[in-house]
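The listed protein sequences correspond, in order, to chains X and Z.
Following the numbering used here, the numbering of the first sequence begins with 1 at its first residue and continues without gaps.
Following the numbering used here, the numbering of the second sequence begins with 1 at its first residue and continues without gaps.
No wet-lab data here; the hints were simulated from the structure.
Positions of the beta carbon are idealized from the N, C-alpha and C atoms, including for glycine.
Check before you lean on any hint, since a few could be wrong.
[Said to hold, decoys possible] Simulated crosslink set (DMTMM-like; lysine to aspartate or glutamate; CA at most 20 Å straight-line): (1) K68(X) to D21(X); (2) K106(X) to E218(Z); (3) K337(Z) to E139(X); (4) K425(X) to E462(X); (5) K279(X) to E441(X); (6) K47(X) to E218(Z); (7) K316(X) to E276(X); (8) K283(Z) to E139(X); (9) K432(X) to E462(X); (10) K30(X) to E159(X); (11) K63(X) to E139(X); (12) K77(X) to D226(Z); (13) K432(X) to D456(X); (14) K425(X) to D337(X); (15) K425(X) to E341(X).
[Said to hold, decoys possible] Anything over 12 Å on all C-beta distances counts as not near chain Z; from chain X, calculated: (16) N23; (17) D92; (18) E104; (19) E139; (20) E187; (21) D207; (22) R213; (23) E295; (24) V308; (25) L313; (26) L383; (27) D414; (28) V415; (29) K445; (30) Q458; (31) D465.
[Said to hold, decoys possible] One side of the interface only, derived from the structure: several residues of chain X facing chain Z at Cβ under 10 Å: (32) P72; (33) Q76; (34) N78; (35) P91; (36) L93; (37) N98; (38) K106.
Next come the chains, spelled out residue by residue.
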Amino acid sequence: MVVLEAKGIKKHFGGVVALADANLICRKGKITGLLGANGSGKSTMSKIISGVYSADGGDIRFKGEQVKYRNPNEAQKNGIAMVFQNLSLVPDLTVWQNIVLGAEEKKRLFLNNEASRIISRNIIDKLLPGLDINRMIYELNPGEMQIVEIAKAVSAKPELLILDEPTAALEQAEVKSLFTYMRSLVEQGVSIIFTSHRLWEVMEICDDIVVFRNGTNAGHIDFETEEKDPEKLIRYITGGIKEIKIEKDRNTLSGNPVLQVHHLSYGGILKDISFELRKGEILGIGGLAGQGQHELMLLLAGNYPKAVCCAELNGKPINLTKPVNAIRNNILLVPGDRQLEGLFLNHPVFTNLIFPKMGLKKQPFITPRKMYKEECERTIARLSIKTDGLDIPVRTLSGGNQQKIVVGKWLPFDVNVLLLADPAKGVDIGAKQDLYAYIIEQVKKERMSVILYASDNQELIEYCDRVLIMYEGRIVSTIEENDINEDRIISASMGIGRTEGERHE
Amino acid sequence: MNKTTEKKQTSSFMNNMVKRPEFSILVILVVMITLTALLQKNFFSIKSIVRNINAFTPLILLTMGQAVVIIAGGIDLSAGPALSLLTCVLTFIMKEGSPVTGVYALVITFAAAVLLGIINGIGIGYLRIPPVIATFATSFMWLGTALFIRPTPGGETVNWFNAFYSFRSLENVPQVIRTIGDIIPPALVLVLLGCFFWYILSRTRTGRYIYAVGSSLESAYESGIDTALVQTSAYIINSVFIFLTALFFVGQNQSGDARLGDPLTLRAIAAAVVGGIALSGGKGSVFFAIVGALILSFVNKIIFFADIPYAFQTLVGGVIVIGAIASSRFYTIYNQKVRKKESSLI
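Pulled out of the complex, with its shape left as it was, chain X reads as follows (with noise of 0.2 Å):
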């Protein structure tokens, strides 16, 4: 019986489609399974149908009813659940308050805790019984939070319960009861809707798997007719082989490394990194998004004071404690989110580019203002940054011009290593070209070295001479350059290739 059935759906954010033309179709006492890239639409889908956005096309049934719902409350009401990956936990508050919280037991005028309590130790028993419901929300660690979530979402008796990758803060154990409490439910005629980057647990826990990529259908399969096959849902996944290789000069890759990292690890984000970047390349990381490439990227550029980390530059140990300490050094960041890390968004385009210059040592003390805008001058032409003169505030610029200026106002620094954090994100394809142009000349010019995370797996393999893959913080695998394509990193971003013991670490 279908429970849920989604057709047409389509939504757009500003000018980005993130779903086309997308149908989904969830039945009484299944696990449906939504799979796809990141950026492939099915985060939004999710949200969608549980009311968080508002469909700009297409139509959706539950229950044989056509719904429109404006807010989640409302959706929660008509029986749909969703488990956000932001978590919507009080910290402040225990366990069991947080479960019944909004639909607390009451007495009366006064709150029945004793009922409430109940429920809530109901439901963690079965999730995860060495919880105590007492604790409080900021004590847990990101896995029992995870969980107390799903208890929040389940404690409300949805019919159809969303869980947007619940398990990628979970452990092993806590995964392998999850899934059992999943089944548990199923079994009482709860629907599910389960996304997880993980193709392993997909296959185990679903009944029925829809692919999407680029925000329509890419591929469905029924467990219950078909069987399992990792292959054909990567190729799903992927869209088959796209083969765009450009020119990459080899032979620089003999040189020197120029950085080395040995056994680096911070907090339970980063675990054991070594690896060596050479002179002249381009080094890629990749992996699903968020496995801690971002931090890696903000480590090396002396972020994270407390990281353990031991790096050689040119041979020589470095401190990478401090972010100074990586400037004098030269090795220098282009940050991910540009807005809030890399611009001064108020101030001119001029204060912009010289900024970086003040910590340095040997500076004039009253700043040469007229040497200092011809340098600007300069860089603009060179990066062809479109601005009305050096005095206009950064934040009237394009999206892809003030990248350009993140990554013009280390333009007069002697770059060792370049750590560029997915330059090309919410950048036009003008100014990406414009940029990575500028970045291989100075590649082969310079023999700068530089290492790439790029979210999008297509500027991985266009210019990256190696891509490590990272996975929980790990690096678990590097793809040499003759072996860079699109299935290689999707399936090593996803774990698979690794074996059954190394996932149950």
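With the hints as your guide, set chain Z onto chain X.
Just chain Z, lined up with the frame of chain X:
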């Protein structure tokens, strides 16, 4: 076997008590009381205890109200002027010699107090004005209105209004009640009334939601809580405490004063912080805020009795308050570190 487990339980209870951040605040209070008792003769006599209660009551009540607002993620910079305004309204309505005007005054002033809370709540909850700015603005509205009603301190009250301060000057009251009033001052009753009011509230949804909203506005909203309504309720609850304070002051002074509350606003906020209420919201207990108010009040007494030159009194008071806040903060951080170590050992 049984005995050992019992022993374990009591020791773990003691351990838990000691590890709570409130513990350090209690220790500071005990130190303050001891110091005051050493400096002041007859500290434990009934007369001086009653005098102390009367002196501490306004700050205690205002601190409790302020604590509710801060827990809900806000702050009330208009509490002092609101207090002044309410005393002015009370004395404006009452006519000496006509006891029934006292009842009118009570009802109308209570309505006015709730209205002040609603205005603050609308600005913060519904119009999304940051609490500091919203209440800073309304503080001038309250002050302006109070000055309009009563440009200079004064006004008249009905005789029975004295009962909010003391039963001594009441007419037609048997001696027994006067004696009881000497031992259990009305001020204490007002504080207990405030405590009871909050105790009831804390067992309702509103009480729970005040913590939820202060801890994370977005999460509370996503859980289906009407956050604007909860914020408004917090300001109305605060108004009730301000109203009780106004009753006490009018009972004591027999007059209204448009500048009476000005110095009390920031003292109440400081007292709440000393009492473990986090300015970031969602953390702390309204009852422990009382301890904060007591500490701040004892600091004043100690400075007074310690013969510190007048010029230094403010400075010393400030240093002691900072010390109290810092020590409880360090204590909390230390405990967190210990807990982390323990959990990593497991």
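Structure-based check of all given hints:
1. K68(X) to D21(X): With Cα atoms ~17 Å apart, K68(X) and D21(X) stay inside 20 Å; holds.
2. K106(X) to E218(Z): This hinted pair is violated, its Cα atoms lying about 24 Å apart.
3. K337(Z) to E139(X): Status holds; Cα separation ~12 Å.
4. K425(X) to E462(X): Status holds; Cα separation ~16 Å.
5. K279(X) to E441(X): OK: K279(X) and E441(X) at ~14 Å, within 20 Å.
6. K47(X) to E218(Z): 17 Å, holds
7. K316(X) to E276(X): Distance of about 13 Å is within 20 Å: holds.
8. K283(Z) to E139(X): Holds, at roughly 14 Å.
9. K432(X) to E462(X): 13 Å, holds
10. K30(X) to E159(X): 11 Å, holds
11. K63(X) to E139(X): 40 Å, violated
12. K77(X) to D226(Z): Satisfied, since the Cα-Cα distance of roughly 16 Å is no more than 20 Å.
13. K432(X) to D456(X): The given pair, whose Cα atoms are some 12 Å apart, holds under the 20 Å limit.
14. K425(X) to D337(X): 9 Å, holds
15. K425(X) to E341(X): 14 Å, holds
16. N23: 28 Å, holds
17. D92: Per Cβ check, D92(X) is inside 12 Å of chain Z; nearest 4 Å; violated.
18. E104: With a cut-off of 12 Å, E104(X) comes too close to chain Z, as the shortest Cβ separation is near 6 Å.
19. E139: Its Cβ does come within 12 Å of chain Z, the nearest being 8 Å, so this is violated.
20. E187: 28 Å, holds
21. D207: Holds: least Cβ distance 29 Å, greater than 12 Å.
22. R213: 30 Å, holds
23. E295: Holds, because the least Cβ-Cβ distance between E295(X) and chain Z comes to about 21 Å, which exceeds 12 Å.
24. V308: The claim holds: V308(X) sits with its nearest Cβ about 16 Å from chain Z, beyond 12 Å.
25. L313: The claim stands: L313(X) keeps its Cβ more than 12 Å from every Cβ of chain Z (closest is about 33 Å).
26. L383: Correct as stated: the minimum Cβ-Cβ distance to chain Z is 39 Å, above 12 Å.
27. D414: 43 Å, holds
28. V415: 40 Å, holds
29. K445: 49 Å, holds
30. Q458: 35 Å, holds
31. D465: Holds, because the least Cβ-Cβ distance between D465(X) and chain Z comes to about 41 Å, which exceeds 12 Å.
32. P72: Status holds, d = 7 Å.
33. Q76: It holds, given that the least Cβ distance between Q76(X) and chain Z is near 7 Å, below 10 Å.
34. N78: Violated - the Cβ of N78(X) stays beyond 10 Å from chain Z, reaching only about 13 Å at its closest.
35. P91: 5 Å, holds
36. L93: L93(X) check passes; min Cβ-Cβ to chain Z is 6 Å, inside 10 Å.
37. N98: For N98(X), the interface hint holds, since the closest Cβ of chain Z sits about 8 Å away, which is under 10 Å.
38. K106: 7 Å, holds
Comparing the model with each numbered hint stated earlier shows that hints 2, 11, 17, 18, 19, 34 do not hold.
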